[in-house]
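Protein sequences appear in the order of chains A and B.
Using the working numbering, the letters of the first sequence correspond one by one to residues 1 to 112.
Using the working numbering, the letters of the second sequence correspond one by one to residues 1 to 115.
Rather than coming from a laboratory, the hints here were simulated on the basis of the structure.
Idealized CB from N, CA, C, for every residue including glycine.
A hint or two may mislead.
The calculated EDC-like cross-link candidates involving lysine to aspartate or glutamate, where the alpha carbons are at most 20 Å apart (straight line), are [claimed, not checked]: (1) Lys2(A) / Asp59(B); (2) Lys104(A) / Asp38(B); (3) Lys18(B) / Glu79(B); (4) Lys2(A) / Asp56(B).
Restraint-style ranges between C-beta atoms, simulated for each label pair [claimed, not checked]: (5) Lys71(B) / Tyr51(A): 22 to 28 Å; (6) Ala68(A) / Val14(B): 48 to 54 Å; (7) Gly63(B) / Asp58(A): 37 to 43 Å; (8) Ser20(A) / Ser80(B): 41 to 47 Å; (9) Tyr39(A) / Asn28(B): 26 to 32 Å; (10) Leu41(B) / Ser20(A): 22 to 28 Å.
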Amino acid sequence: QKEVEQNSGPLSVPEGAIASLNCTYSDRVSQSFFWYRQYSGKSPELIMSIYSNGDKEDGRFTAQLNKASQYVSLLIRDSQPSDSATYLCAVQNSNSGYALNFGKGTSLLVTP
Amino acid sequence: EAQVTQNPRYLITVTGKKLTVTCSQNMNHEYMSWYRQDPGLGLRQIYYSMNVEVTDKGDVPEGYKVSRKEKRNFPLILESPSPNQTSLYFCASSLTPTSVWETQYFGPGTRLLVL
Chain A
1 QKEVEQNSGP LSVPEGAIAS LNCTYSDRVS QSFFWYRQYS GKSPELIMSI
51 YSNGDKEDGR FTAQLNKASQ YVSLLIRDSQ PSDSATYLCA VQNSNSGYAL
101 NFGKGTSLLV TP
Chain B
1 EAQVTQNPRY LITVTGKKLT VTCSQNMNHE YMSWYRQDPG LGLRQIYYSM
51 NVEVTDKGDV PEGYKVSRKE KRNFPLILES PSPNQTSLYF CASSLTPTSV
101 WETQYFGPGT RLLVL
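The task is simple: from the sequences and hints, build the whole structure.
Right, here's the structure in full:
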């Protein structure tokens, strides 16, 4: 079973701070990495994707990938209460039917 | 508007009574899949379809059936539902299954309670 591990949290940060979310994966041949945000009772929403080592920035979000360490992270700068949600890390590779293999998610709480 | 739709959104049923949850997408996507989400277990794939008439099992297919007769539709069938199939179900689609630069767009979810 290919594993995607996340700390379940909750991770609590004050408004305006940087939230750091981490994810490790076991399948070395994984090719694509995604971060989804999910509000309670709602469907997952893609916020970031990353495919090569290094950093990728999009607005307040930065995804970081280190394939050698099998580690992917998401940084949220200037955190807002509206960022409070569960963040799902997902990993995909062509050897498993292109299925998205999800971690169990990290709950983030941004306090005013 | 590009979207994935699911019906019904909420369903309460009894053990053994066959039910179908419909999923439809209007984006001409080839790849469609079904997930279930349970507390503490995360999202797990049930079945997926690479294209019309091509389906395959995901991680948790037991107790479910699917069909893909048309590109836009991918219904999930529970022939004899049991209480352990009480869950939140998501349908998802993506343009193609073969590009690692694609990801999946999710429907709004169907909350199922089996008594």
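Each hint tested on the structure:
Taking the CA atoms of Lys2(A) and Asp59(B), the gap is near 11 Å; set against the 20 Å cutoff, the hint holds. Distance check on the hinted pair: Lys104(A) and Asp38(B) sit about 9 Å apart at the alpha-carbon level, within 20 Å; holds. Of the pairs offered as hints, the one joining Lys18(B) and Glu79(B) holds, with about 5 Å between alpha carbons and a cut-off of 20 Å not exceeded. For the proposed pair Lys2(A) and Asp56(B), the alpha carbon gap of about 18 Å is at most 20 Å, so the pair holds.
At roughly 27 Å, the beta-carbon separation of Lys71(B) and Tyr51(A) lies within the given 22 to 28 Å, and the hint holds. The hinted range of 48 to 54 Å is satisfied by Ala68(A) and Val14(B), whose Cβ atoms lie roughly 52 Å apart. A C-beta distance of roughly 39 Å is found between Gly63(B) and Asp58(A), which places it inside the suggested range of 37 to 43 Å. Under the hint 41 to 47 Å, the C-beta atoms of Ser20(A) and Ser80(B), about 46 Å apart, fit the expected range.
Take Tyr39(A) and Asn28(B): their Cβ atoms lie about 28 Å apart, and the range 26 to 32 Å holds. Separated by about 25 Å at the C-beta atoms, Leu41(B) and Ser20(A) satisfy the suggested range of 22 to 28 Å.
When held up to the earlier numbered hints, the structure conflicts with none and fits them all.
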